[in-house]
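Q: Letter by letter, the chains look like this.
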Amino acid sequence: MPGRKLLPLVVLIALVSFLMTWQARRGPLNPLAGVDSAFYGLSGGIGTAVSRTGDLFRNLTTGKDDIKVLEDRIAMLKRQNDQMIELKKENERLKALLDLKQHTPACVASANVVARGARHWANTVIIDAGSAQGVQKDMAVITPQGLVGKVMRAGREYSSVLLINDIRFSVAARFQESRVEAIVSGTGGSGCMLKYFPYDQAVKKGDVLISSGLDGLFPEGLKVGWVSGLGPDEGLFKNAEVVPFVNPAAVEEVMIIKR
Amino acid sequence: MKHALWLVLLTLAAFLIDMNLSISGFRTDLVTLVVYRYALTSTPARGMLFGSVLGAAEDALSGMMIGPALLGKGLVGFASPFLSRGFFRWTPVLGFLGPFALTIVGGLAEYASLSIFEDIKGGFVPGIALLIAQGALNGFIGILLRPEKDEF
Chain X
1 MPGRKLLPLV VLIALVSFLM TWQARRGPLN PLAGVDSAFY GLSGGIGTAV
51 SRTGDLFRNL TTGKDDIKVL EDRIAMLKRQ NDQMIELKKE NERLKALLDL
101 KQHTPACVAS ANVVARGARH WANTVIIDAG SAQGVQKDMA VITPQGLVGK
151 VMRAGREYSS VLLINDIRFS VAARFQESRV EAIVSGTGGS GCMLKYFPYD
201 QAVKKGDVLI SSGLDGLFPE GLKVGWVSGL GPDEGLFKNA EVVPFVNPAA
251 VEEVMIIKR
Chain Z
260 MKHALWLVLL TLAAFLIDMN LSISGFRTDL VTLVVYRYAL TSTPARGMLF
310 GSVLGAAEDA LSGMMIGPAL LGKGLVGFAS PFLSRGFFRW TPVLGFLGPF
360 ALTIVGGLAE YASLSIFEDI KGGFVPGIAL LIAQGALNGF IGILLRPEKD
410 EF
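Protein chains in written order, with this note's numbering: chain X, 1 to 259; chain Z, 260 to 411.
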């Protein structure tokens with residue numbers, strides 16, 4: 001009987017509808033509070049562990065004759081060189097972050113990105129700073145290059161950050177030159193889009209957008225992105241593509257600031 | 260017992276890979292593949308239950324509403340057993356198309372529930388590109404996941 005076969009599916013849809021309606025009124029359930037920190041720690045440690053295991057494996061297979069030994073040495077030196085380049089880049093990033101921290105009185109904490117969020121429709125990252133470090137929901141997350149996103153949920157040691165390109169993200173912005181206000185929203189892809197920009201105002205490729213502070217969440221003057229293309233007009237408003245100054249896919253160290 | 264242990268390890272690995280790996284900016288969705296493979300040789304109800312549990316875990320780890328992934332993965336778990344019944348015979352084409360289509364269907368269910376219950380500000384097109392990329396990757400791996408003769 002086909003109706004009976006579909007019964008589990010109907011139950012599932014009813015259950016999800018009930019759960020989501022309930023959460024829409026009362027806020028998200030958090031059944032894994034505490035456990036998720038351990039999982040994020042494990043996830044962050046995976047990369048390091050894989051890298052170390054690879055090194056150990058390489059060391060175990062060093063050569064038996066001179067050519068093999070020399071080849072291994074060259075490979076090792078190349079690896080060391082790669083590591084040095086990586087360390088140099090990390091050093092530069094951390095220096096820039098430290099410089100920003102010293103010049104930003106609203107700084108709450110600095111943190112490393114330890115994992116990407118679990119949900120596929122969400123562009124989120126997990127950072128290793130939480131309420132123990134003073135991080136709270138809705139605080140702005142930045143790098144020296146500009147706005148990264150906002151804290152979506154603050155656990156004790158870890159927090160989830162909603163990235164600037166997420167479909168749920170938006171920031172009140174204004175053009176740095178013309179000072180005209182607009183809204184920048186995430187698209188779910190790699191970029192953002194400019195919304196609610198009056199049709200009678202001029203906008204051109206390369207125009208820089210900064211946060212206006214009018215949304216009550218983000219401090220004024222944070223670099224958001226630049227206009228990369230103009231979209232079709234929608235009635236009273238213009239649309240445009242915006243490229244964030246921070247590449248959300250390549251964020252490693254961030255700073256959390258309060259308004 | 261051995262089978263269950265493998266399943267737990269595979270699921271854990273899929274979660275960790277999904278959270279750490281992105282190919283050209285596209286996130287992988289290997290958890291859906293685990294649900295598909297388990298449910299392929301199971302009943303719709305059991306497949307749906309397995310998918311729902313994994314989806315709920317994914318939702319809980321995301322720190323957002325519990326429901327979208329629960330629905331998406333549950334749907335994949337419910338639909339997968341039908342590919343191994345009736346007139347379907349396993350071929351590499353079905354091995355590709357099954358996970359490809361189910362990844363997209365599951366993702367669309369997630370998107371639909373998100374768009375109803377959460378404030379979505381962005382467009383639909385980038386999401387579809389992501390789903391197609393995830394579906395294609397799962398499809399190619401799906402070719403390798405040929406069920407045993409007594410399973411199909």
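In short, the hints are calculated from the structure, not lab data. Glycine included, C-beta positions come from ideal geometry on N, C-alpha and C. You may find that some hints are simply not true.
Sample of chain Z residues with no beta-carbon within 10 Å of chain X, all distances over it, derived [what the hints assert, rightly or not]:
1) ALA263
2) LEU264
3) TRP265
4) SER281
5) PHE347
6) PHE359
7) ILE375
8) ILE400
9) ILE402
10) ARG405
When the alpha-carbon atoms are kept at most 20 Å apart in a straight line, the in silico EDC-like pairs for lysine to aspartate or glutamate are as follows [unchecked claim]:
11) LYS101/X with GLU90/X
12) LYS205/X with GLU377/Z
13) LYS137/X with GLU377/Z
14) LYS89/X with GLU252/X
15) LYS195/X with GLU377/Z
Q: Tell me the numbers of any earlier hints that the structure contravenes, in ascending order.
A: As far as the earlier hints go, 4, 7, 12 are violated by this structure, in ascending order.
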